[in-house]
Amino acid sequence: MKTRQELIETYPISWSQTKIKAFRKALLNWYDQMGRSLPWRENQDPYSIWVSEIMLQQTQVKTVIPYYQRFMTTLPNVAALAKASEEQILSLWQGLGYYSRVRNMQTAAQEIVTNFDGQFPQTKAELLTLKGIGDYTAAAIASMAFGQVEPALDGNLIRIVTRLFEIDHDVTKAKTKQELLGILYQLIDPDRPGDFNQAMMDLGATVMTPDNLNINASPLKEFDLSYQHGTAKNYPNKPKKKKSKSQHFLAYYISNEKGQWLMRQHQEGELLQGLWHYPMVEADLVIEAASQDELSQPFIEKYHVLEGQADRLNLAVRGHVKHVFSHRIWQVDILEGTWPKDLPLGDNLEWVDLDHLSDHPHSSLQEKMYQYNFDLGEE
DNA sequence: AAATCGGGGTA
DNA sequence: TACCCAGATTT
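Residues in the first sequence are numbered from 1 upward in steps of one, following the numbering used here.
Be aware that a few hints might be false.
What the hints assert, rightly or not - Below are the BS3-like pairs computed for lysine-lysine, each with C-alpha atoms no more than 25 Å apart in a straight line:
1. Lys233 <-> Lys173
2. Lys131 <-> Lys83
3. Lys173 <-> Lys238
4. Lys245 <-> Lys175
5. Lys243 <-> Lys173
6. Lys233 <-> Lys175
7. Lys233 <-> Lys2
8. Lys322 <-> Lys368
9. Lys245 <-> Lys368
10. Lys131 <-> Lys243
11. Lys368 <-> Lys243
12. Lys242 <-> Lys131
13. Lys177 <-> Lys240
14. Lys173 <-> Lys242
15. Lys177 <-> Lys241
Worth flagging that the hints you see were computed from the coordinates, not collected in a lab.
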């Protein structure tokens, strides 16, 4: 990673100091009038900013706000987060996705307590040592909470800068990000670095959007080559994503006479680690390993809970749910069955009822599978 | 450098 | 559908 000075020398821009100052003024004047009012902007507390930045990774502002409010009320400071239970932090994150974010955040909270005496580190370099804080988030916290002159290069800034200078390099490449960072070190306002970053993000989110809807309202029009040439839609240059693979799963909705249902906690190495779902298994294993009337055989092998008892579950297909991840698609058949009273449970399996649902955080996929049952039940 | 990791909102 | 969203970590 090159230093700030090396980046500036490697990627100099042709603008005069006068033009650069005019750019900063146009941007910050717009921000002072049109900037969004958001919960985490009520103060400059680094913890508040940190929590919001982690939640906002690959997640839209509108989605984050209610999660942020609840998280800050429940775990209002670093010490509280460091001490919280796994169930609690996952429950606070339930439905938000990318669950390693909150696990990493708790690890970082513990690092702050032990390595930094409970005080938030103030430089980008120190922030980068914390788990879950990468180049963007380190710069965001350093600038917004501590006034450090560090550009926070997120998707908004990538889009704006590539348009301003008509940079057509592939923005998924590390070298292109270095180039954009070098340019931004020259543009960023040293007197208001945090506001500069947030102004750029607000502008990207509301005016200079991917679909380019309100480009005429941009305060940066006169600085924007893509606007002057009508080429904004070409930026940023990003290769197309590969199609995600579809996988077929079976989920087992199994109840007992107490009105409880069976759930299994996903283990390390599995998707949705730590979260609770109906026990699930890939249907391929079923096809390979069992005949048509022994659908539960792979379930037996995988979880060792039903050995020799497959025919006692009275399994029947109840419904189907589709769930889309960023990198794969799950088609899930739900099989319903009942549990023999004398059969013990295997590892990672528990009986759960409504009173204990909050102790068993689950994904949106599981939420859909619940909903499917409720919908059917009302018919 | 490329793959992994959620989920929701749009066109 | 396909793309985007205040990305970071692992392979």
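Verification of the supplied hints:
no., hint, verdict
1, Lys233 <-> Lys173, "20 Å, holds"
2, Lys131 <-> Lys83, "16 Å, holds"
3, Lys173 <-> Lys238, "9 Å, holds"
4, Lys245 <-> Lys175, "29 Å, violated"
5, Lys243 <-> Lys173, "20 Å, holds"
6, Lys233 <-> Lys175, "22 Å, holds"
7, Lys233 <-> Lys2, "30 Å, violated"
8, Lys322 <-> Lys368, "9 Å, holds"
9, Lys245 <-> Lys368, "20 Å, holds"
10, Lys131 <-> Lys243, "30 Å, violated"
11, Lys368 <-> Lys243, "23 Å, holds"
12, Lys242 <-> Lys131, "29 Å, violated"
13, Lys177 <-> Lys240, "18 Å, holds"
14, Lys173 <-> Lys242, "16 Å, holds"
15, Lys177 <-> Lys241, "19 Å, holds"
Hints 4, 7, 10, 12 from the list above are not met by this structure, while the remaining hints are.
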